[in-house]
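Whenever a hint applies, use it, and build me the whole structure from the sequences.
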Amino acid sequence: MKKLTMALGFIAITLAGSLSATAAEIKLLNVSYDPTRELYQDYNAAFSKYWQAKTGDTVTVQASHGGSGKQARAIVDGLEADVATLALAYDVDQLNEKAHLIPKDWQKRLPNNSAPYTSTIVFLVRKGNPKHIKDWDDIIKPGVSIITPNPKTSGGARWNYLAAWAYALKHNNNDEAKAREFVGKLYKNVPVLDSGARGSTTTFVERGIGDVLLAWENEAFLAKKELGPDKVDIVVPSLSILAEPPVTIVDKVVDKHKTRAVAQAYLEYLYSPEGQEIAARNFYRPTLEAVAKKYEGQFPKINLVKIDDPEFGGWQATQKKHFNDGGVFDQIYAK
Amino acid sequence: MQFKKKLIPALVFSAVVSGGLVAGISNVYADDSDELAKLRAQIEELDQKIKILDRKSEIAAEESAAKKKETPIVSASKDGFGFKSADGNFDIRFKALLQLDYRSFYDHGNTPLNVSGFDFRRIRPTIDGTLWGKYDFRFTPEFGEDKTTVDSGIVDAYVDARFTPYFQVKAGKFKPFLGLERLQSGSDLKFIERSYVSNNIEPNRDVGASIHGDILDGKVNYAVGVFNGVVDGGDNKTLQDTSTDKDYAARIFVTPFKDTDSVFAGLGVGLSASHGNFLGNTTNTGLPSYKTPGQQQNFFTYTNTIGNGDHDRISPQGYFYYGPFGVIAEYAQVSQDVQLTTGTKLKGSLDNSAWQIAGSWLLTGEDASFKGVKPKQVFDADGGGWGAWELVARYEQNDIDSGAFTTPTQVRFASPVTNSKTASSWAAGVNWYLNQNVRLEANYEQTSFDLGGGGTIAHPIDRPDEKILFTRLQLSY
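Sequences listed follow chains A and B, in order.
Here the first sequence stands for residues 13 to 347, numbered as in my numbering.
Here the second sequence stands for residues 60 to 536, numbered as in my numbering.
Treat the hints as calculated values from the structure; they're not laboratory data.
Hints may be right or wrong, so weigh each one.
Unchecked claim - Negatives, chain B to chain A, calculated, CB over 10 Å:
(1) 95
(2) 200
(3) 246
(4) 521
Stated by the list, open to error - Each computed SDA-like pair below joins lysine to any residue, with the alpha-carbon atoms no more than 20 Å apart:
(5) 243(A) / 126(B)
(6) 115(B) / 214(A)
(7) 200(A) / 108(B)
(8) 128(B) / 219(A)
(9) 143(A) / 103(B)
(10) 197(A) / 122(B)
(11) 82(A) / 122(B)
(12) 126(B) / 91(A)
(13) 139(A) / 100(B)
(14) 126(B) / 90(A)
(15) 127(B) / 76(A)
(16) 143(A) / 98(B)
(17) 268(A) / 191(B)
(18) 115(B) / 219(A)
(19) 164(A) / 126(B)
In this text, a Cβ means the ideal position worked out from N, Cα and C, and glycines have one as well.
Encoded structure:
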């Protein structure tokens, strides 16, 4: 009798506990770079479904998109992002250096230097490639109008610039003066500098400006898919750069919002098979081997340089040399 | 045969001519094609240039809109000068209040005589603002006649944290929210000098902290606070606690018909109270002197007396505004424990009081309110508007407890020969608001006194009437 009473009591307490626990409604803010709208629209829906099935909680993820540098500055200035999914590691580093929002070793917290997917830079040209653009040399010719965003605000623009720089160095025996001249000619052919990659896509695709768009690979595929293969062509240059857009939780914000667990899970799910499938379907190169193999036919093979290669020496050195005020870009663009 | 001879040359001739014609036409077509191609290329180039200009304009507009969200707003207007962040959360404002009076006294035969002349009544620059959208601050020094050599020269210095509309915390030096008229800004007063209630009973300013807020859709305002404590009508000018205990104050004010269409929408009634305890000494008696409306003379001063215990105030108060008419009325009583420092060391508890009722009428049709007047038309000497004109009238009285006065059989706390028991005043005036910032005023006030005009303890006589004509030029923003 005593045991029965105790058992009944235990059951009653458990029931009361479970009845009193209600599913939570959680909101996250993902501050991302410009071209990831479609990716995160698909991904957020998938993650919400996954999280609800796993925990019963409802997660609503709001996304903010803009030039990667601008987005990083916004977070430093107080925009309360639970997660930051930016275009390059240097922009994420600012969250530590300028505002101590994340630890210095943030990049080690997730696989592949916290880059769940990669991309590269290709050329998007008008159908039929009327200006006969095959490689970087062709786009610096007079009469070719190039669309690329502003490297001071856009992460994609910095990848574009560095890919051109790497090509110029390689084809001029690492002569930096020749590389400057090359990149100078490139920017002379740029009529409009948008603040972000999506803006440049709008300029090229919707406004019909320019002969070639230096684009994120995913943007190029997306534009071709949405406009139709009869409107644009993708030209793969002989050399490009491996772009590794990283992701991180913003520690000070998630601790304030008490969303650390779900924010961490949100980023980890990017590495899951479903997350990687979504990335691939949105034309980002997946890092999970099985998914990468499945989609390898979708992505052209390109000779890729990396930001850690000797000609660049990592993001800190590259940002300081090329993109800080008074750097190489400012010197070239001012001429 | 002859036909054939003629035909062949004709045919050859035709072939030559038509061949030439065809060649000529082809050349024309070839030139046109080149021309068309050139024109086409030119059009495409121009089309691109137009598109580029359009896109640059679009980007510039986007950047301008984005920058606007970050660009501080500089303001210079009738409401003052200042800077504000684009999101409105950070704000600093520079204001000023200047009051230049000419005070005429018509009290011939009264000794000592009031002195007629110019008087800079208030010279107060103010810096106030808001941080993070909810932390208000204010700093106001005084460079006018109120400043003496011993005081800090600070009128207001406080922070007010508006956590929610119903829970706000204020700390620093500020008005202890007891008197209704005292809460009116110095730039919004209907009369050149406040009433006895404000000047002689309720505290002016003190150093302390309060919790206050608005509840029930702003229809009820409450405030509770603790302060260093000041004498009646006093101002904690040294910013130090010279009393022996703290003053505790509370107020509730109700505007039950606010924001309705009722005729009583402009009605407000309230009650305030404070409790303090002061043990004075010969250096710091803890007791006030009560001034006449002229502000230069005291009609009552304690003699050889110190505060010796409880110091409690209570004040019912209210106002009513309807169209161009306004009325404000308040009563304040202070219960003060006192003791003689000489002779019998007599102790007592005195109830001194003051009350006023004042009315205003805006002749030019503006709506009267507790706050300032915004003229419908500014004064323009070139044939424009006349500004706003307002008539004002007031009756007020300040009464000292009869137990304060020495009698023929007992020395008490003040002599009836030199101190008046009651001061009763009536005042009338006119205010001319040239615009929201500049105002001219004229008040006539006449005061009669009971006692304090000489004579003997047994047969004291009344102090002569005080008659004053004050005029003021006020600039405020």
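Against the structure shown, which of the earlier numbered hints fail to hold, in ascending order?
-> Hints 5, 8 and 10 not satisfied by this model.
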